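Q: For reference, the chains in residue letters:
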Amino acid sequence: MIELKNVSKRFRKGDEVVEAVGGIELGIRRREIVAVIGPSGCGKSTLLNMIAGLYPPSGGRVIYNGKVIDDVNTSVAYMTQKDNLLPWRTVRDNVALPLEIAGLRRAEREERADRVLEHVGLTGFEKRYSSELSGGMRKRACLARMLLQGAESLLLDEPFAALDAQLKLVMHGLLLRLASEASQTVVLVTHDLMEAVTLADRVVVCTHRPAMIALEQAIDLPRPRDVINVRFTNRFRELYDMIWDCLRLEYHEELI
Amino acid sequence: MKEPGLEQPGIAVEVAVPVRRTPLDEISRVKMLACQAALGAVIALAWQAVSGRLVDDYFISNPLAIGRRLVAWIGDGTIFVHLWATLYATIVGFVIGSLAGVVLGVWLGVSRFAARLTNPYLLALNALPKVALAPLFVLWFGIGIESKIALAAVLVTFLVFLNTFAGVREVDRDLIDCARLMKASRAQVLSKIVIPSAASWVFAGLKTAVPYALIGVVLGEMIAANRGLGYLVQFSGAQFDTAGVFAVLAVIAVVAMLLNWLVEIWQERMERWRIVSR
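Chains L and H, in that order, are what the protein sequence lines are. The opening position of the first sequence corresponds to residue 4 in this note's numbering, with each subsequent residue numbered one higher. The opening position of the second sequence corresponds to residue 335 in this note's numbering, with each subsequent residue numbered one higher.
For lysine to any residue, the following SDA-like pairs were computed, each having C-alpha atoms within a straight-line distance of at most 25 Å:
(1) H:Lys517 with L:Gln84
(2) L:Lys130 with H:Ser534
(3) H:Lys526 with L:Phe128
Quick list of simulated restraints, FRET-style, between CB atoms:
(4) L:Glu111 with H:Leu367: 42 to 52 Å
(5) H:Ala461 with L:Gly30: 57 to 67 Å
(6) L:Pro90 with H:Leu358: 29 to 39 Å
(7) H:Leu433 with L:Asp18: 39 to 49 Å
These stretches of chain L come out as covered by chain H in the derived footprint (C-beta under 8 Å, 3 or more residues):
(8) 69-83
(9) 94-104
Derived from the structure by calculation, the hints contain no laboratory data. Computed from a predicted structure; not experimentally measured. Yeah, the Cβ is synthetic: ideal placement off N, Cα and C, and Gly gets one too.
Take the sequences, apply the hints, and build the full model.
A: And the structure:
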């Protein structure tokens with residue numbers, strides 16, 4: 004459903020040309036959860052921006068549902084690394100924004116917003132402004148907003164990086180449950196291998212800048228997964244080690 | 335002060351003591367109000383004492399005479415006729431100018447083409463001292479209240495426009511992208527992202543524009559009118575009535591402060607999020 008055909012992206016920074024993404028070939032099936040992992044600053048976010056249609060690739064094509072993306076892709080919900088909450092709106096009004104845009108009545112959108120906020124553990128903070136929240140709470144508000152948008156696909160850029168380890172697990176469970184209930188396709192960018200293996204059907208390892216695919220590994224752990232117990236299975240260990248062997252080289256290269 | 339423990343025979347140890355803030359800096363609100371009143375009283379007394387002795391009464395009048403004049407005007411109701419004429423023109427001119435400024439600012443802020451097209455003309459108009467348009471407005475709208483409204487509106491429009499324009503240009507691109515991904519239409523992006531985001535800039539413009547609305551009206555009234563505070567100050571001056579001039583000036587100052595205060599209250603209500611985040 005999402006196809007990247009030899010996609011590359013170059014940025015011009017003054018006289019310097021930065022090669023962010025170099026020739027990526029990747030197909031993502033409907034309802035699949037794909038985790039893209041790689042060293043930070045390797046161009047993973049650029050990849051998501053291109054799937055979201057925020058800017059065009061320098062080479063190759065991004066195809067979504069058989070159509071070449073040439074404008075903002077409104078079939079996806081995108082949770083960026085930066086929390087794009089509107090500072091003049093309360094948490095509830097921020098989370099309800101997609102429903103407001105869709106033209107729902109106030110009573111209904113507030114009710115639905117409050118329900119999602121309960122899922123992400125923000126009950127009691129509905130009337131706060133984003134400046135009053137901690138970094139992790141803001142991330143959860145963004146997650147709630149994205150889930151409420153009800154898009155066909157979800158793009159997540161390091162969504163859980165600011166959360167503590169325990170909360171991360173809770174959010175992992177929530178994402179898996181809601182994405183599967185809504186039959187959503189998920190592309191998750193992360194630098195946490197544990198998270199990638201726990202959540203994904205397939206893990207894609209990116210090389211250091213320019214991002215290219217170093218390894219594609221199917222994660223054949225059964226679903227539905229228990230995000231805690233799955234980590235103690237032998238298969239999880241095997242997969243983790245296998246990917247780590249490849250990923251380690253990328254980090255190694257970066258450090259030299 | 336020396337710390338006793340650090341003192342050794344024969345060696346003087348200087349210990350730095352943090353500079354204490356003077357108690358005057360931390361005076362309470364009520365005490366400060368009393369001090370401010372006292373300062374006013376001292377100035378008024380000095381004025382009263384000097385007037386007619388060191389400086390001719392004709393030039394500076396005196397607070398008692400000004401007070402008497404004010405009481406007389408309030409008593410027979412003259413001041414209210416003029417006060418209302420000025421207030422009405424100021425408010426209407428301010429509202430019209432603000433609306434025009436916001437619309438123009440948003441439009442040019444969003445449309446790069448329109449902004450570039452009109453740029454040289456707007457620069458020229460902005461450089462022009464707008465009060466010089468007063469005679470033109472008298473020709474167009476007559477000596478009635480309309481010409482004062484027009485002058486105030488023109489002054490306000492430019493200030494509000496410049497601020498709104500800058501505010502719209504400052505809007506975070508990421509927020510716009512975020513809304514577009516949520517299928518927001520152009521109008522929705524404008525009403526839900528661009529305008530609220532530029533609001534604090536608009537308010538800054540509105541706040542600076544308030545005194546200018548009053549300036550426009552008073553000036554217009556001084557040029558050609560038959561009522562209004564500007565007319566009254568001009569009339570009193572022409573009668574060599576210094577006390578009258580000062581009395582009107584006092585009323586204008588009060589009006590200006592009142593209008594500023596109203597805009598501040600309005601802004602606080604609209605921008606609660608900014609106050610919360612402080």
